[in-house]
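Please build the complete structure, drawing on both the sequences and the hints.
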Amino acid sequence: MTTFVIRRILQAIPTLFGISILVYAIMLATPGGPVAALTFSPTVTPQERAALAAQLGVNDPFHIQYLRWLLGDDWMRFDSDGDGVADTAYLIPLDADGDGEPEPPGTRRGILRGDFGSSFFHGKRHVIDVIFERLGATLELGVASLVVGLTIGIPVGVLAAVNRGGPFDNFTRIVSVIFNAFPVFWLGLILLLIFGGTGLGLLPMGNRCGLVLVGGCPPLYERLEYLVLPTFVIAAGFLAVYSRFMRASVLDVGTQDYIRTARAKGLSGRMVWFRHGLRNALIPIATLLGPSVTGVLSGAVVTENIFSWPGVGRLAVSSLQQRDYPTVMAIVMLASITTIIGYLLSDILYALIDPRIRLR
Amino acid sequence: MSSPVGTRLETNNVAGEAQVSPSLLQLALRRLWRDRLSMAAIGMLLFLTLLCFGAPVINFLTGTNSRNIVADSFLPPLTPGHILGTDDIGRDHLARLLEAGQVSLSIGFLAALMALAIGVTVGLLSGFIGGHLDDGVIWFITTLNSIPLLFIILLIAAFLSPNATTLILALGLFGWTGTARLVRGEAIALREREFIISARASGAGNLRLMFAHVLPNQLSIILINLAIDIGIIILVEATLSFLGFGVQPPQPTWGNMLTESRSFMYYGPHLVFWPGFLIFVTVLCLYVLGDGLRDAFDPTTID
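Residue numbers (my numbering), protein chains in the order written: chain U, 1 to 360; chain C, 1001 to 1303.
Source of the hints: derived by calculation from the structure; they are not laboratory data.
We put the CB at the ideal spot given by N, CA and C, even for glycine.
Don't take every hint at face value.
[Said to hold, decoys possible] Listing some non-contacts, in silico: residues in chain U with all C-beta distances to chain C over 12 Å:
{"hint": "1", "residue": "Y90"}
{"hint": "2", "residue": "G110"}
{"hint": "3", "residue": "V148"}
{"hint": "4", "residue": "F168"}
[To be verified] Distance ranges between label pairs, derived from CB positions:
{"hint": "5", "chain 1": "C", "residue 1": "L1133", "chain 2": "U", "residue 2": "N280", "range": "33 to 43 Å"}
{"hint": "6", "chain 1": "U", "residue 1": "V44", "chain 2": "C", "residue 2": "F1047", "range": "48 to 58 Å"}
{"hint": "7", "chain 1": "C", "residue 1": "Y1267", "chain 2": "U", "residue 2": "S318", "range": "51 to 61 Å"}
{"hint": "8", "chain 1": "U", "residue 1": "T255", "chain 2": "C", "residue 2": "L1169", "range": "38 to 48 Å"}
{"hint": "9", "chain 1": "U", "residue 1": "P167", "chain 2": "C", "residue 2": "S1202", "range": "50 to 60 Å"}
{"hint": "10", "chain 1": "C", "residue 1": "L1133", "chain 2": "U", "residue 2": "S318", "range": "21 to 31 Å"}
{"hint": "11", "chain 1": "C", "residue 1": "A1204", "chain 2": "U", "residue 2": "R7", "range": "51 to 61 Å"}
{"hint": "12", "chain 1": "C", "residue 1": "Y1267", "chain 2": "U", "residue 2": "I9", "range": "49 to 59 Å"}
{"hint": "13", "chain 1": "U", "residue 1": "Y66", "chain 2": "C", "residue 2": "H1132", "range": "56 to 66 Å"}
{"hint": "14", "chain 1": "C", "residue 1": "D1298", "chain 2": "U", "residue 2": "R279", "range": "39 to 49 Å"}
{"hint": "15", "chain 1": "U", "residue 1": "I152", "chain 2": "C", "residue 2": "S1202", "range": "50 to 60 Å"}
This is the structure:
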């Protein structure tokens, strides 16, 4: 088992490098790049723009820029005697802007050491801090929708399988196809129209707890009403997937020999399904963990925007609009790492439950 | 797939005359024809496509157009001359919906075709040739799949100029992994089959084997995937437009019409309803059609 886990973790490393190269290449292909994003104001002189370009190092070749982002530049140009002026350099020249003076030493530590750089906005704070203060809101939404999806989806799938071909089965089949084809953002808007504001006025329009991000938020149980609509919007997709998946899994288990044995020894139908069938039918659900992470992340981007939810998804969209490159890159990288961890956990869970998988 | 496409069984009927039994494709089409739900979905899709691309004729008949202010703002549906009412600045809602449909449908169809072409080629090569090529392709697919599709398309669409061409390229270039995986798996299963070995023995080269023998046997997978992929791509495109990174106004698409309607959803709820409904109906029909195709091509289906 340990060998299997280690092998899977090692396999994830080249994937992560692939992602980082791809994401960086897309960013570099952007016309204008970060300099254009920072010097949008017409009052910026060409000299200032050039100086900023030298400071950001956007004139360096691709591999240098990528390495700086990945590993940082504190080792590329560093200060060995501690006087605040770089005296030695690898890979990037001491005098980058060509004014005859050595540049200050590099300070970036690179994403591998957890430094995603400073945001262009948000008071130029570290990107990672900006993201972390919004993470709680997204986690709240993600966990809530997963819980709702699982607690409703699994029983519905089991019932549909037990009553195969019956009216309940057909009804849930239709509902799940409809939920799958429903545009998430439209569902959000329609629900707002019906339940929020000038509609029935039952549920709040959004704004998890005002626009306050840190502190000042009442505990979760006092503001559950804010969670209802956004959670349902994300959970709708999960409901459709989990219930169909669970139905297929239960039906598959139903054909196994041990179920026939259980029946043959005279157990009641309910006993057969719930004691013997259900436990084994739950196993394949473990494989859905990976895709669910992607679902939560993509769902958050859309849903947080509709319901003004102060989470990472909303940060992603606003950063894209402002062209806040460091933040966008950090969010995409963290989203990919989360996805990889999701798939990794899926595989490990599955291998724990089903020993045959470990041999592959 | 029990028998290769194109092989027909010669059987003798009671009278002793040679009779050709229908091919898998013919059987599938016959089943599809009898499947009322799938035919309804096809009919609906054809109707929507005709309506959207026939917009100039409809506009000529009703005397409106999609870009100009033709009446007061927020006219409710069923106003004479403006069946679906007008939007916030008095443009005809139906005319705009139809023009938006042209964009959304074209992007969905073209991007899905592009993804299909890439996916089928990569999948065939990787599965049939195998070896290091296969390892490389699998690594690349795993890498692409580890970035949530919406994020990578958002990245491209936002950083490059968001327009229809960029969207088609982005969706086509990053939406092929699912098809490639399926085609690869099927190619691996098929490459050891007797009919491939016998074709190889009669001197067929790799290219001929792949495209003349393996590919036709994947017709069902390809068609099912195409239908579902168009649906997914239309959804992703609408999501992008909704977030403001898709096709930009004044060119309407169903997604960006929803964004616009959001600011005044209480004055004109009909403006929120129709664009989303059309996305929903289109995607639903494509999914239903995909399901219907799967059943039609399933050799275990009993007639």
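Evaluation of the provided hints:
1. Separation of Y90 of chain U from chain C is adequate, the least Cβ-Cβ distance of about 29 Å exceeding the 12 Å criterion.
2. Every CB of chain C is more than 12 Å from the CB of G110 of chain U (nearest about 20 Å), matching its label as outside the interface.
3. The beta carbon of V148 of chain U is kept farther than 12 Å from every beta carbon of chain C, the shortest such distance being approximately 21 Å.
4. For F168 of chain U, the non-interface assignment is confirmed: its Cβ lies about 19 Å from the closest Cβ of chain C, beyond the 12 Å cut-off.
5. Take L1133 of chain C and N280 of chain U: their Cβ atoms lie about 38 Å apart, and the range 33 to 43 Å holds.
6. Checked against the hint of 48 to 58 Å, the C-beta distance between V44 of chain U and F1047 of chain C comes to roughly 54 Å, which is consistent with it.
7. A hinted range of 51 to 61 Å for the beta carbons of Y1267 of chain C and S318 of chain U is inconsistent with their spacing of about 26 Å.
8. The beta-carbon spacing between T255 of chain U and L1169 of chain C, approximately 46 Å, falls within the hinted interval of 38 to 48 Å.
9. Checking the proposed 50 to 60 Å range against P167 of chain U and S1202 of chain C shows it holds: the Cβ atoms sit about 55 Å from each other.
10. Take L1133 of chain C and S318 of chain U: their Cβ atoms lie about 42 Å apart, and the range 21 to 31 Å is violated.
11. Our hint of 51 to 61 Å for A1204 of chain C and R7 of chain U is violated, since their Cβ atoms are close to 39 Å apart.
12. A beta carbon spacing of about 55 Å between Y1267 of chain C and I9 of chain U agrees with the range 49 to 59 Å that was offered as a hint.
13. In this structure, Y66 of chain U and H1132 of chain C break the distance hint of 56 to 66 Å, their C-beta atoms being roughly 25 Å apart.
14. As the Cβ distance of D1298 of chain C to R279 of chain U is approximately 30 Å, the hint placing it in 39 to 49 Å is violated.
15. Remark: the range hint 50 to 60 Å for I152 of chain U to S1202 of chain C is upheld by a beta-carbon distance near 57 Å.
In summary, the numbered hints that this structure violates are 7, 10, 11, 13 and 14.
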